[in-house]
Amino acid sequence: MRVGSRKRDCLLGSEDMTAKAGRRNARVAARVAAASAATLCTMATILGCSTSTRAYLDGHGDLASTEQHSHYVSGAFPPNAKGPWTFGYRLCTRNHAPAVTVISVGPTKAVGDGYRVLGALGRHVTLGVGDGPIGSIDGYPPILGNPQHPDALAPANGFTVSARCSDQTKYDELLVGWDTGSGHAGGGWVGINVTYRENGHVHTVSLPYNMLICGPAADHAVPGACGD
Amino acid sequence: MVHRSKFRILRRRTASAAVTIGVVIGLICQPAAAATPHAAASPPPLVDTSVTVGSSSGELVADGTLFNNDGQAVKGAVAVLAWPNEQFLKSMKPGDSFVPRTIGWIETDQRGNFAVRGDFSQLPPGYRASNGQVDVVLRAWSDDFVGDQSMSVSPPTPGSIPLASSATEKATKALHSDPVRLTVRQSRASAGAQVLPSEKATPDATASSFCNGITLIRTWRVWSIVGEGQTDRSGTTADFSTESSHSVTLGAAVASANGGFSASGSITRSSNVTLNWQPQHGRFSYQIETQYGEWQECSLGAVLQYDVRAITDTGGTRPPIATGSFRASQCTQEAGGGLTWSRGDYGGSHFGLSGGVQIASEIGINLSVDTAWSRNSTVIFRFQNPSVLCGSNTFPQNASRIEEA
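Protein chains in written order, with this note's numbering: chain A, 450 to 677; chain B, 39 to 443.
Rather than coming from a laboratory, the hints here were simulated on the basis of the structure.
One thing to keep in mind: the hints can contain errors.
Some chain B residues close to chain A (C-beta under 10 Å, calculated; not the full set) [what the hints assert, rightly or not]:
id, residue
1, ILE359
2, GLY374
3, TRP379
Pulled a few chain B residues facing chain A out of the computed Cβ check, cut under 10 Å [to be verified]:
id, residue
4, SER279
5, GLY353
6, ALA373
7, GLY376
8, GLY382
9, THR416
10, ILE418
Every beta carbon over 10 Å from chain B, so not counted as near; a handful from chain A, in silico [stated by the list, open to error]:
id, residue
11, THR515
12, HIS520
13, ARG543
14, LEU567
15, PRO590
16, THR618
17, GLY632
Backbone N, C-alpha and C define an ideal beta-carbon position, used for all residues, glycine too.
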């Protein structure tokens, strides 16, 4: 699924937000997440995408990635780099929660016009066997290193996250396809919202990851993420 | 009948006597009030066990278990001693001394478990730092041994909203969040040695022959590793930057009067250094300079032990120093093509290094560093070619240490 503009960053049911830019500290991140949730509900209703009733930061709810909401990881490609690529992020359950099902994936905040979102997939990884986790890799769908026993790739919409954050052998992974875009400002996603269903209730977690194409928009949104 | 009557009277008198004796015995054997623990072993010098902190007053400083040198849990007691704050310690010159403040103590149970409270409200000026932090030493003792563990805690400031939101939480939420394993490793019989061990042969000052308290005898400037960049493949560089007001937790050490030093906890200091190194290829550590001090603890002229701990950040930095690989194992693949991977923290796994304080030339061992990455502390890797990034204790996005494999 290829989308070419910020308005169509809604992936598999989630919606782009136009939350105001904020500083990269925990208090602002909380306000952004809360405002994003409110905006999400409103715009999702208008545009017919899934709604989320409870948005929280990583480490506060049952679906998590780093279990920490107060730090961030950025991956930024130069504007002249040749994609596509896949970014990978761990998804796991905590608090003894049951398996959850991903409904949609989208940005906490989208900036700029110099990027393209190619889609989202899910993958179950058995650590130590076959392919290891992906931070970023060439190609989308990802070109995995073990062609003899590739892990099965599934659409993110409907992907079941069953690995626990404490698990040492199982690792569930969200994979987002990425490429440069036609705009000249660079940009990307500042934070990743994952909306999921658990025991009949819908929640959204904001993960502290930034996916960027370097340019003025990326430099402004995440200073330093593209280096000096 | 008279005999039986006498017998009945005798039985009543005997019963009365038994009751009376029982009451007397009960009074004699009545345990002290719960708020006033009664130590089985006599406390070591400089510990004031007249201080009592009730189960519902003061703050729960730490809980944990007491062990002996063989790793077995032992019964004993634990006191909380408050040291002066960083500002006071900075002002000390060799020869200056102070007496630590006992702010609470407790006996362990039979299995060595303890939960010790401290009354911080009684601390006079000079103990609490401007950010509210108090540096304390948990001093434990059994019949024959003593042991210390240093830590920095942040009790509520007087008049502030309580840290805990309920009485139950106040009773159970310790200021030091992790349970403490406290080892009583120093023989109490070793106190009293008058001759300084060789590595302490040239102090800047020697405590007087009738010392009593804790005396600063010398200071050093020490380099501590607060970050690193570890790259291995062609086309990859790493750099590290940090801005002011990040905190560093630095190891402390203690030695008996005639023994060697061993690690005994750590204390936290703020660093106002701004660091911004350029991208490097290779394996480098980034270091800041800290002033460390050595103190001699005495009581009535007898040397008890020596303490080594950080005094203050000097603001000193130096260019990155080459370092070795630590062979991290939890790895993710990373694309090339000029990818910039960066991580900024004000949470997550701290950067931690067991021998990060480079002080072995002075005391025989290096001490630990634990850096709470600040909101302005960032490590950046740049990949021209596909690569693998690995974390020490978990995957790179959350690991304490990160290296390219």
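Status of each hint after checking the structure:
no. : hint   : result
1   : ILE359 : violated, 22 Å
2   : GLY374 : holds, 8 Å
3   : TRP379 : holds, 6 Å
4   : SER279 : holds, 8 Å
5   : GLY353 : violated, 23 Å
6   : ALA373 : holds, 4 Å
7   : GLY376 : holds, 4 Å
8   : GLY382 : holds, 6 Å
9   : THR416 : holds, 6 Å
10  : ILE418 : holds, 6 Å
11  : THR515 : violated, 5 Å
12  : HIS520 : violated, 4 Å
13  : ARG543 : holds, 13 Å
14  : LEU567 : holds, 14 Å
15  : PRO590 : holds, 14 Å
16  : THR618 : holds, 12 Å
17  : GLY632 : holds, 19 Å
Going through the hint list in order, the structure does not satisfy hints 1, 5, 11, 12.
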